[in-house]
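Trainee: Residue numbers (the UniProt record's numbering), protein chains in the order written: chain X, 1 to 543; chain Z, 1 to 165.
Calculated directly from the structure, the hints in this document are not laboratory data. C-beta: ideal position from N, C-alpha, C; glycine also. Treat the hints with care, as some may be off.
Capping the alpha-carbon separation at 25 Å, the derived lysine to any residue pairs in SDA-like fashion look like this [unchecked claim]:
no., chain 1, residue 1, chain 2, residue 2
1, Z, K114, X, P380
2, Z, K64, X, A4
3, Z, K70, X, L306
4, X, K263, Z, V92
5, Z, K70, Z, N56
6, X, K457, X, A4
7, Z, K70, X, L266
8, Z, K115, X, L269
9, X, K307, X, T322
10, Z, K64, X, N82
11, X, K288, X, L269
12, Z, K64, X, K457
13, X, K92, X, P380
Derived coverage of chain Z by chain X (criterion: at least 3 residues anywhere in the stretch with Cβ under 8 Å from a Cβ of chain X; other residues may be distant) [stated by the list, open to error]:
no., region
14, 43-52
15, 113-123
Listed below are several chain X residues computed to face chain Z (Cβ distance under 8 Å; list not exhaustive) [claimed, not checked]:
no., residue
16, Q69
17, T84
18, Y133
19, R378
20, F379
21, E382
22, I384
23, F411
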Amino acid sequence: MLIAEGMPLLYLELAVGQRMRRGSIGAWKIISPYLCGVGVASVVVSFFLSMYYNVINAWAFWYLFHSFQDPLPWATCPLNSNRTGYEEECEKTSSTQYFWYRQTLNISPSLEASGNVQWEQALCLTLAWLVVYLCILRGTESTGKVVYVTASLPYCVLIIYLIRGLTLHGAVNGLVYMFTPKLEQLSNPKTWISAATQIFFSLGLGFGSLIAFASYNEPTNNCERHAIIVSLINSTTSIFASIVTFSIYGFKATFNYESCINKVILLLLNAFDLEEGSLTADNLNEMKDYLMATHPQEYAQLSPQLKNCSLEAELDTAVQGTGLAFIVYSEAIKNMEVPQLYSVLYFVMLLMLGIGSMLGNTAAILTPLTDSRVIATRFPKEVISGVVCFINCVIGLIFTMEAGNYWFDIFNDYAATLSLLLIVLVETIAVCYIYGIRRFEKDLYTMIGRKPNWYWKIMWAFASPLLIISLFIFYLTDYILTGTLQYQAWDATQGQLVTKDYPSYALAVIGLLVAASTMCIPLGALVTFIRKRLKRERVSTVA
Amino acid sequence: MMIIGLTICRISDVLLCNVTDRVSFWFVVTDSSQNMTTVPGSVVEAAIRMNRNRINSAFLLSDKTLQFLKITSTLSPPVEPSTPVWLIVFGVVLCLIVAGIVFLVVAGIQQRKKKNKESTERENLEEKGEVTVTVENGIPCEALDLKAGHINGVFAADDERFTSL
Numbered sequence: 001m002l003i004a005e006g007m008p009l010l011y012l013e014l015a016v017g018q019r020m021r022r023g024s025i026g027a028w029k030i031i032s033p034y035l036c037g038v039g040v041a042s043v044v045v046s047f048f049l050s051m052y053y054n055v056i057n058a059w060a061f062w063y064l065f066h067s068f069q070d071p072l073p074w075a076t077c078p079l080n081s082n083r084t085g086y087e088e089e090c091e092k093t094s095s096t097q098y099f100w101y102r103q104t105l106n107i108s109p110s111l112e113a114s115g116n117v118q119w120e121q122a123l124c125l126t127l128a129w130l131v132v133y134l135c136i137l138r139g140t141e142s143t144g145k146v147v148y149v150t151a152s153l154p155y156c157v158l159i160i161y162l163i164r165g166l167t168l169h170g171a172v173n174g175l176v177y178m179f180t181p182k183l184e185q186l187s188n189p190k191t192w193i194s195a196a197t198q199i200f201f202s203l204g205l206g207f208g209s210l211i212a213f214a215s216y217n218e219p220t221n222n223c224e225r226h227a228i229i230v231s232l233i234n235s236t237t238s239i240f241a242s243i244v245t246f247s248i249y250g251f252k253a254t255f256n257y258e259s260c261i262n263k264v265i266l267l268l269l270n271a272f273d274l275e276e277g278s279l280t281a282d283n284l285n286e287m288k289d290y291l292m293a294t295h296p297q298e299y300a301q302l303s304p305q306l307k308n309c310s311l312e313a314e315l316d317t318a319v320q321g322t323g324l325a326f327i328v329y330s331e332a333i334k335n336m337e338v339p340q341l342y343s344v345l346y347f348v349m350l351l352m353l354g355i356g357s358m359l360g361n362t363a364a365i366l367t368p369l370t371d372s373r374v375i376a377t378r379f380p381k382e383v384i385s386g387v388v389c390f391i392n393c394v395i396g397l398i399f400t401m402e403a404g405n406y407w408f409d410i411f412n413d414y415a416a417t418l419s420l421l422l423i424v425l426v427e428t429i430a431v432c433y434i435y436g437i438r439r440f441e442k443d444l445y446t447m448i449g450r451k452p453n454w455y456w457k458i459m460w461a462f463a464s465p466l467l468i469i470s471l472f473i474f475y476l477t478d479y480i481l482t483g484t485l486q487y488q489a490w491d492a493t494q495g496q497l498v499t500k501d502y503p504s505y506a507l508a509v510i511g512l513l514v515a516a517s518t519m520c521i522p523l524g525a526l527v528t529f530i531r532k533r534l535k536r537e538r539v540s541t542v543a
Numbered sequence: 001m002m003i004i005g006l007t008i009c010r011i012s013d014v015l016l017c018n019v020t021d022r023v024s025f026w027f028v029v030t031d032s033s034q035n036m037t038t039v040p041g042s043v044v045e046a047a048i049r050m051n052r053n054r055i056n057s058a059f060l061l062s063d064k065t066l067q068f069l070k071i072t073s074t075l076s077p078p079v080e081p082s083t084p085v086w087l088i089v090f091g092v093v094l095c096l097i098v099a100g101i102v103f104l105v106v107a108g109i110q111q112r113k114k115k116n117k118e119s120t121e122r123e124n125l126e127e128k129g130e131v132t133v134t135v136e137n138g139i140p141c142e143a144l145d146l147k148a149g150h151i152n153g154v155f156a157a158d159d160e161r162f163t164s165l
């Protein structure tokens with residue numbers, strides 16, 4: 001996936017930006033005036049992304065601020081009103097999930113029940129936008145210096161976590177799980193689709209941020225070498241991070257498995273009044289059979305409460321996205337020694353990564369704005385950045401409402417996926433067939449001094465477009481086959497997620513999100529066509 | 001010696017029965033001062049509830065390891081400081097960020113004022129013909145540094161740069 005899709009497309013975008021020396025709108029206008037819609041679509045997608053992405057930073061701030069307590073607030077459940085036990089919702093689920101769903105999000109049972117804006121989250125969101133504003137205030141040149149910190153600090157933290165993670169009890173289980181190839185998963189096409197999509201988003205193709213950043217490069221910069229190095233480093237970092245993740249995962253799974261076994265042992269000891277130490281993890285199965293044989297009645301009464309503890313089941317509870325970052329990791333951290341230190345480190349790392357992504361996004365929005373002479377001459381850079389940040393912050397308050405997380409999931413799943421695929425497809429086809437691959441070759445020759453070899457040309461002209469088209473077809477057929485769209489809602493009474501259907505206005509918003517960015521491309525072509533037509537008529541009437 | 005309510009009993013007044021493999025036992029407490037009658041269960045329960053800590057520490061155990069059936073332990077609430085900790089940290093970080101923004105904005109304004117003053121000075125000098133400013137096609141060289149140059153129409157090979165419609 002990396003070789004077939006990631007590297008060629010990254011090289012393409014960097015080269016386009018470096019050659020045209022404009023943000024995404026201007027660059028595509030130069031390639032062909034009918035393609036100004038592509039640039040606009042990129043900016044629209046980046047705008048949607050920046051709206052909802054900073055909420056993640058707000059959550060990271062929230063967790064970070066709460067890490068300075070002993071014990072960590074997500075380590076124990078709060079007590080109920082008469083202090084005889086824990087709160088009911090927290091009993092049904094774990095304390096980390098309770099902290100996430102109740103105390104952080106205060107989530108409502110469904111999308112329709114909007115609820116109020118949570119002022120704590122709104123404060124954290126404002127802070128997150130202020131931080132972003134601080135970093136982009138002086139324009140992209142200053143962003144470059146900030147990125148030195150936001151890019152290198154996560155590596156330090158990852159190394160610390162690697163050392164800590166590998167020395168945790170049970171980490172080996174996670175690593176063994178990670179490296180044993182699961183053939184039935186590999187043969188499932190969905191895995192490969194997810195891999196392709198992941199490469200797409202992790203390299204940031206199609207957002208316009210790559211073009212924007214590349215336009216600030218020196219014209220003779222060797223973008224071919226940079227493209228290869230960046231994509232290789234990106235994938236190596238992913239593997240490195242997944243080693244850390246899986247060792248921590250193995251620790252959490254082993255910890256949960258052992259607590260589960262201990263609970264079963266305690267239950268059996270209490271029920272049958274056995275001697276302490278007679279039941280251990282090793283002889284548990286034989287003792288269970290023995291007890292079932294000798295005291296069948298009591299055992300049958302007890303068996304609904306006896307859970308079958310399994311390490312594989314714990315490891316298989318694969319989570320991704322916000323669930324992984326906030327629930328699973330905080331659960332693993334609370335069981336380590338000196339959890340406050342690891343918690344602070346982890347959430348600082350998460351913040352650095354999140355702010356780094358936000359900087360790329362806002363650069364993608366701001367570069368076309370500052371390039372256009374209409375706006376740039378009237379307002380200074382600081383005011384433009386300030387206005388953009390302010391608008392995004394106000395819209396982002398939607399995600400701090402009680403139902404905000406459901407809206408967040410909508411944006412997360414639908415704002416970027418299809419639109420980006422379409423944008424990158426149009427980009428590749430535009431550069432190869434409309435601009436002409438020979439002209440592009442010549443441009444690259446003037447920039448870096450050598451022509452791209454046959455590998456790049458085949459990738460750009462055939463392989464990547466075909467891959468993207470097949471991804472596109474897959475997503476559309478998947479949507480058509482499943483019919484209606486559903487989401488996971490948190491049910492407080494059961495303490496777990498339940499599936500619900502989206503209401504009609506949510507479906508309308510989803511459609512609007514996808515349409516807003518994809519329609520820009522044909523609309524842009526149409527507008528240019530009409531304008532040329534009008535000019536030609538005017539010219540012909542004058543002549 | 002155990003103190004239950006206001007009556008003082010001796011260890012020989014505690015009778016055990018139903019001993020099992022597990023370290024667990026039933027017990028009743030008799031009241032020797034009132035002719036060997038057993039102390040009612042509710043009184044014993046109340047006394048244990050009050051003195052749970054002392055009983056636990058006598059056995060070097062805790063609420064989790066020494067369980068009295070039917071007497072649920074009152075869990076101690078977590079310590080809550082008067083101002084939530086997170087607000088304090090939030091306030092600190094907020095002040096730092098706002099200070100940084102104000103500093104950068106003010107510095108930017110000052111820089112722009114200085115540049116304006118310089119350019120008006122240079123214009124005055126140019127009018128007097130004293131300073132030679134290197135120009136290239138009518139654009140001063142400093143302005144060309146903004147984004148590594150614009151596309152110079154002289155060198156673009158005719159219309160080949162722009163795709164024909």
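Trainee: Against which earlier hints does the structure fall short, listed by number upward?
Mentor: 2, 4, 8, 9, 12, 13, 14, 15, 19, 20, 22 and 23
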